[in-house]
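Chemist: Take a look at the letters that make up each chain.
There are 4 protein chains.
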Amino acid sequence: MAGKGKVCLAYSGGLDTSCILAWLLEEGYEVVAYMANIGQEEDFEAARDKALKIGATKVYIEDLRKEFVEGVVFSAVQANALYEGVYLLGTSLARPVITKTQIRIANAEGCDFVSHGCTGKGNDQVRFELGYYAIDPSIKVIAPWRIPEFFERFPGRPALLDYAAKKGIPVFQTAAKPWSTDENLYHISYEAGILEDPNVTPPKDMWKLITDPEDAPTTPERISIHFENGKPVKVVNKGDGKTCTDGLDLFLYLNHLGRKHGVGRIDIVENRFIGIKSRGCYETPGGTILRAAHVDIEGLTLDREVRRLRDQFSQRLSEIIYNGFWFSPEREFIMAAVEQSQQTVSGTVHLKLYKGNVIIEGRESAISLYDDKIASMDIAGGFNPGDSDGFIKINAIRLKAYVAQKTKVTGSGF
Amino acid sequence: MAGKGKVCLAYSGGLDTSCILAWLLEEGYEVVAYMANIGQEEDFEAARDKALKIGATKVYIEDLRKEFVEGVVFSAVQANALYEGVYLLGTSLARPVITKTQIRIANAEGCDFVSHGCTGKGNDQVRFELGYYAIDPSIKVIAPWRIPEFFERFPGRPALLDYAAKKGIPVFQTAAKPWSTDENLYHISYEAGILEDPNVTPPKDMWKLITDPEDAPTTPERISIHFENGKPVKVVNKGDGKTCTDGLDLFLYLNHLGRKHGVGRIDIVENRFIGIKSRGCYETPGGTILRAAHVDIEGLTLDREVRRLRDQFSQRLSEIIYNGFWFSPEREFIMAAVEQSQQTVSGTVHLKLYKGNVIIEGRESAISLYDDKIASMDIAGGFNPGDSDGFIKINAIRLKAYVAQKTKVTGSGF
Amino acid sequence: MAGKGKVCLAYSGGLDTSCILAWLLEEGYEVVAYMANIGQEEDFEAARDKALKIGATKVYIEDLRKEFVEGVVFSAVQANALYEGVYLLGTSLARPVITKTQIRIANAEGCDFVSHGCTGKGNDQVRFELGYYAIDPSIKVIAPWRIPEFFERFPGRPALLDYAAKKGIPVFQTAAKPWSTDENLYHISYEAGILEDPNVTPPKDMWKLITDPEDAPTTPERISIHFENGKPVKVVNKGDGKTCTDGLDLFLYLNHLGRKHGVGRIDIVENRFIGIKSRGCYETPGGTILRAAHVDIEGLTLDREVRRLRDQFSQRLSEIIYNGFWFSPEREFIMAAVEQSQQTVSGTVHLKLYKGNVIIEGRESAISLYDDKIASMDIAGGFNPGDSDGFIKINAIRLKAYVAQKTKVTGSGF
Amino acid sequence: MAGKGKVCLAYSGGLDTSCILAWLLEEGYEVVAYMANIGQEEDFEAARDKALKIGATKVYIEDLRKEFVEGVVFSAVQANALYEGVYLLGTSLARPVITKTQIRIANAEGCDFVSHGCTGKGNDQVRFELGYYAIDPSIKVIAPWRIPEFFERFPGRPALLDYAAKKGIPVFQTAAKPWSTDENLYHISYEAGILEDPNVTPPKDMWKLITDPEDAPTTPERISIHFENGKPVKVVNKGDGKTCTDGLDLFLYLNHLGRKHGVGRIDIVENRFIGIKSRGCYETPGGTILRAAHVDIEGLTLDREVRRLRDQFSQRLSEIIYNGFWFSPEREFIMAAVEQSQQTVSGTVHLKLYKGNVIIEGRESAISLYDDKIASMDIAGGFNPGDSDGFIKINAIRLKAYVAQKTKVTGSGF
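Residue numbers (the UniProt record's numbering), protein chains in the order written: chain A, 1 to 414; chain B, 1 to 414; chain C, 1 to 414; chain D, 1 to 414.
Just chain A, with the same shape it has in the complex (with noise of 0.2 Å):
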């Protein structure tokens, strides 16, 4: 008895998502469970026989990995895009892959409705959302976490397990953290549980990706980045020599010698799209890495006037990419100029990495802005110092014109 249409829900193997699962084929729905593979510590096989054995038609499960990584977070890498001045967006990254697939699938499965296990509080609805309807605005999206009938009969995590049992859907964990989590490869999330009084230390066993830095090794490791046009495309190991040129490769290679070396964590209290603040502690290793490595090969090869004003819309596209605008034309718009001037971002960055520390030993670029004549501090290199004269002499006139109308309006000057 499916009367009410199909379903394409985004299926995550965990006890809420099975729970909707059978809620929806209760309801009276068809349901298709899709699984995204984006890096996820899972039982991918395992999580589709659960699925089969709750009722769901059929599980998709996509391995999105390497689009993950060379299409999105790569941009987001060239466009230096940091959130609030501290979160890598690893949540938010991974959502347009994840939505764009869903909706491909459920076209395909002729899907009228899309569903997913989000919060009625969070920001990942909203990313999940606006997703859905920009690539399909006439889909129609179940939201059982703000539907009453669901909420008010799951209060909480017992009627859940309870629902599980009756419904017979296995449930692996014996006993739950007190945080939640959300995974990918790029990153790692923990928030709610004891992590909402922002004053509470996370437990030293929460942190599951990164070594903490306290426990990292002694001897640090150097390694060189390569970049093209804003993009790493090889990463060497100056110890071993081992070398990645493969997107997908070199950035799980990033992310294994952060996850060794201690480096990626945080912990903030971030605004959400919604209005309310919220504590998130993250751990982005591959990703803290290659930013500060961007960062810096961005020193050499960048024109300062394109930097400032990239700087002014990677702030812009953070939050964009946060609040769950990726699919927009405010993206598109961005990036057009973001692209351009990545064009000129190649070279080299040389890196130590040392119990939580990205430090740079030097950079260089066969296309670099800097001049080392000109630079020098000793020799002329085709600088006249008069030029200076001249220089400063102009840019003094305004202030001086400014001086003279401030202290007849203020009584003084500076």
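Check the hints yourself; a few may be wrong.
[Said to hold, decoys possible] For lysine-lysine, the following DSBU-like pairs were computed, each having C-alpha atoms within a straight-line distance of at most 30 Å: (1) K408(D) x K6(C); (2) K373(C) x K208(D); (3) K66(A) x K260(A); (4) K177(C) x K234(D); (5) K208(D) x K408(B); (6) K58(C) x K166(C); (7) K140(D) x K408(C); (8) K260(B) x K408(A); (9) K140(B) x K166(C); (10) K408(B) x K234(D); (11) K260(B) x K260(A); (12) K204(D) x K260(C); (13) K4(B) x K373(C); (14) K400(A) x K260(B); (15) K408(D) x K373(B); (16) K4(D) x K238(C); (17) K177(A) x K166(A); (18) K352(A) x K204(A); (19) K352(A) x K4(B); (20) K373(A) x K408(D); (21) K177(D) x K373(C); (22) K408(B) x K400(D); (23) K373(B) x K400(D); (24) K53(C) x K166(C); (25) K177(A) x K260(A); (26) K140(A) x K373(D); (27) K400(C) x K4(D); (28) K352(B) x K260(A); (29) K352(B) x K177(A).
FYI, nobody ran anything at the bench for these hints, they're computed from the structure.
Keeping the supplied structure of chain A fixed, place chains B, C and D upon it in accordance with the hints.
Modeler: Same frame as chain A, now just chains B, C and D:
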């Protein structure tokens, strides 16, 4: 014979400004030497004797440390000022304090001229002179390193040493280092010499202030920083209970801790105001800790939209300061807004310092914008999940219209 | 029988809010009617009688014209606020004045609820309610046009007329116009009805306030507007010598002149906050003159860089005001900077009004930044042409480096 | 005797550049004269004879009108470029076209030098020379008005007239006007002389291009402008049916109409790049009409958020162009985004021209973002009013939190 008039010279005690002092006298000027104590390591009394011995009429040594920290550094902290995403502006911030007092002395001494030892290619000449002209539009500037008679006579260090020997100027340094430095209580900079190749890794013994993270203590140290209106008002060491409340004291104590724990080194290629790229290495121990803490307490206490506007103006403010426009209407304009925003930035941040890492462990405020009930994933807290539904649908309207248009224009949607 | 509590209703005297008043009573609320006099053409005493006749417990009629002009309109003038490059924000600016007093009355009367007659698709509902919630976070809002019981019962004007007849509500208008209007002393807006086709030219008889330029006097009229700190303090008619110095008086006089000379009509497609495009026609006579004059006096008295920063702020401020966020930290943040900037904006602008044109004929200020000697093409005025040489050469350094890089990357320069 | 090398001189045919030509020859240079036809009123053949008579080796007269309109002016239209909110950048936009061809000729002729007749205080010297250096970093510039030997020898017009008489240079003008002008097909500027007092009203006979609105026809004229990708592709006169589709033709036709109907005069105090305020009067007939139409069609076809970002970019772009940085990476950066945005800016605007007014009467587009059903106040159009409820409540969350905080900090809310 001082027929050309009286000069107030910004004197450092080093070889360059000692030769400039002698040269100005030789040229027929009377010279008043002025040394600003902004926290640099210096034997001020020895420098005084030296200036008098060379022939200065008078020597002023002014302790500007408190004014520097409380009047300038803390304003930069309020604004999260950071040049090109990395550099804390240590040299730029000292200049306004130095120039203001130099003009005060020049006026008191009836000097027609001020002079400095900055080179003709750098930022500092601009910062000094824009400050001079803004404070006293009628002042005249003598910049010997831009005067052919001077710079052609002294093409390098040997010529200066010869001149010093001839003039009986004592030279303290036995061997010059292969780089230049500029130090104050906020930071030390290293540039020029071997650093002119941006791919050369700075030698370990170059770094003067901060312990190499590899040599820093293996035991972390925990502190709290208390803010009022965006300025630090108390630092407490949670281990030994040491507490500082005076602005200068607490800043020097943060410096001590940062230096001990390897916090605050960077190595960058930056864009000078005059359009040249240059490579600089910087150590800013206390400032690095303070900025991390201030950014964090703003997460808890500053409104999202104010933060975004402020962040755009922080970028511009950093350029203004870097380029030497501290005494300008544009700085006053931005700071008026920043000060308005900091009225709510009060609270305490708890931090751990460990081998180069500044790790936030929690934060609290009596005027927090964080509402744990509304932020909670487990309880409703006055939040109706159905509201998100309308919020998302309204936000999607624009995207749906756009994708229809995009499809008409390009033949496909997202 | 008022068992549901007490409501303070923003009452206009028109059909919609009269029916809402009757309906609220029918639903079991006690209703206090509130009319804001913000300069609209209205028979307030007739409206008072009508509200009392329908059943309002009390009717407040508040003259907010002076507060509107001096507290809000003049702030917008200081900021050169303009939405989407064209629209002077006439409706948006009135809302804060109305809501603030409405909440004051609601609190004084012990009302739990406030209500208004705004539709569910427009901007005004947002502006009213964000104002309510910001001023009194505990207030409850009744928005009948978003309540299905109401809007389904009254699907169009005939249903409202029926209800009015049934309830004995007098209806003044004999025939409704095929568009809607909103009027205050700053402007009148026209939208909806036949204007919903953006390609329909508004009929000549729609425009109510301003003489059609084709019918305006063939003789121009000349005035002077005097500003202090960016606000107008005196208007003088150079023909007849008429002089106004009171804020409200001078604004109403500028309105009179603008209406007479055909100044201040626009017709645009604008972007509503809720993501819909809509077409609006507006008449803003005095505001159009005032903005032209203020922009002009800033040319003489405001520093270039402050102007640029302020212009960026102005765009954002206009969005803030348009979207209903007058009572917000972001408006306070921006206005702090704007007020700082306006300290120097004092002087007099001379204008000619003629058939839709506002023609600047000259300007003067005792604290002008304009220096005729330095600006002169004929005399040196303390300017050394050689300084421009250095200025240009320094500015070219960056471009020369870039074109070399561009040539390497793309194979050709500019 | 041309021992010093070969110069390509930007030659206008006027007194200044004729004297410069003679002086360069006298100084020992060989001179190739170059005249750009950018639509100014000029007898080019007479000027050619004059240059040859004075002693130019060769004279190039290049018709750059099409390149100017289609390559530069229409890009500015796409961006809505406007300097300081008022000025359409008529002089600035012509410079890139002139300099690019000048360098092409200089290279073809083997010139080591280029020269121009710009003064040492203005913007044009900067625009010419930054263009020269960006296109050919190795070019050398001779700017006589900044060379003491030249400007001290010719302190005013009488000295130039003497020199011209001595050199046998014919002087066409019998009496110089008490202001300077610069003309091209986009605009004419007036500055200096009697205009140096910003409070002097320009005399009626100064204005050369545009009919005084008071003398313009009393009958309005109606036209349509068709845009594709933000550029005008067709202009139709609705009265007589005249139609233009070629870029240059339609622009010249808009000029004709603007001049006839008194459209496009301004009088401002602007900020020069070198920090001086100056007073300029401008007539830009076609450009004023085109900008009004382009802004309007964007209302119908450009996404709200893209428009906001683009508007910020437009302000910066206008500064870039005004300051002479057309050939720069920052212009390329911004234009990449602008071009992306203009993909959807296609449609037709209907306008009325009348005595200085450009009145929009309607607009239409096959790819409009305007949806009359959803915009309608009368029908639901797929819009659920309840959605606004959630939208407003979510937007209020942040304000409610802020007012509670504000009350704690300041003792009162809004």
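Chemist: Taking the hints in turn, state whether each one holds.
Modeler: Going through the hints against the structure:
1. The suggested pairing of K408(D) with K6(C) holds, with an alpha-carbon distance near 29 Å, which does not exceed 30 Å.
2. Restraint check for K373(C) and K208(D): the C-alpha separation of about 27 Å stays at or below 30 Å, so the hint holds.
3. A hinted pair counts as satisfied when its Cα atoms are at most 30 Å apart, and K66(A) with K260(A) qualifies at roughly 23 Å.
4. Restraint check: the Cα-Cα separation between K177(C) and K234(D) comes to about 36 Å, which exceeds 30 Å; the hinted pair is violated.
5. Distance restraint check for K208(D) and K408(B): the Cα-Cα separation of roughly 45 Å exceeds the 30 Å cut-off, and the hinted pair is therefore not satisfied.
6. This hinted pair checks out: K58(C) and K166(C) have alpha carbons roughly 22 Å apart, not beyond 30 Å.
7. Under the criterion of a C-alpha separation no larger than 30 Å, the hint pairing K140(D) with K408(C) is consistent with the structure, at around 23 Å.
8. Only pairs whose Cα atoms come within 30 Å are accepted, and K260(B) paired with K408(A) is rejected, the gap being roughly 50 Å.
9. Restraint check for K140(B) and K166(C): the C-alpha separation of about 87 Å exceeds 30 Å, so the hint is violated.
10. With a C-alpha separation of about 21 Å, the suggested pair K408(B) and K234(D) falls inside the 30 Å cut-off, and the hint holds.
11. Between K260(B) and K260(A), the direct Cα distance comes to roughly 24 Å. Compliance with the 30 Å bound is thereby established for this hinted pair.
12. Among the hinted pairs, K204(D) with K260(C) is consistent with the structure: their alpha-carbon atoms are about 24 Å apart, no more than 30 Å.
13. A distance of roughly 28 Å separates the Cα atoms of K4(B) and K373(C); the hinted pair therefore holds under the 30 Å criterion.
14. Taking the CA atoms of K400(A) and K260(B), the gap is about 44 Å. The hint is violated against a cut of 30 Å.
15. The hinted pair formed by K408(D) and K373(B) meets the criterion: a straight-line CA distance of about 19 Å does not exceed 30 Å.
16. As the CA atoms of K4(D) and K238(C) are separated by approximately 61 Å, the hinted pair breaks the 30 Å bound.
17. Between K177(A) and K166(A) the CA atoms are separated by roughly 23 Å; this keeps the pair inside 30 Å, and the hint holds.
18. Restraint check for K352(A) and K204(A): satisfied, since their Cα atoms lie roughly 25 Å apart, inside the 30 Å limit.
19. Under the criterion of a C-alpha separation no larger than 30 Å, the hint pairing K352(A) with K4(B) is inconsistent with the structure, at around 56 Å.
20. With a CA separation close to 58 Å, the supplied pair K373(A) and K408(D) exceeds the 30 Å bound.
21. A threshold of 30 Å between alpha carbons decides the hint, and for K177(D) with K373(C) the separation of about 20 Å falls inside it, so the pair holds.
22. Note on K408(B) and K400(D): the hinted pairing is violated, with a Cα-Cα distance of about 42 Å set against a maximum of 30 Å.
23. Distance check on the hinted pair: K373(B) and K400(D) sit about 14 Å apart at the alpha-carbon level, within 30 Å; holds.
24. Between the alpha carbons of K53(C) and K166(C) the distance comes to roughly 14 Å, so the proposed pair stays at or under 30 Å and holds.
25. Taken as a hint, the K177(A) and K260(A) pair is honoured in the structure, with Cα atoms around 24 Å apart against an allowance of 30 Å.
26. A hinted pair counts as satisfied when its Cα atoms are at most 30 Å apart, and K140(A) with K373(D) qualifies at roughly 20 Å.
27. Simply put, K400(C) and K4(D) have alpha-carbon atoms about 25 Å apart, close enough for the 30 Å limit, and the pair holds.
28. Proximity of K352(B) to K260(A) is assessed by CA-CA distance (about 20 Å); at most 30 Å being required, the pair is judged to hold.
29. Distance hint between K352(B) and K177(A) is fulfilled; the C-alpha atoms sit about 25 Å from each other, no more than 30 Å.
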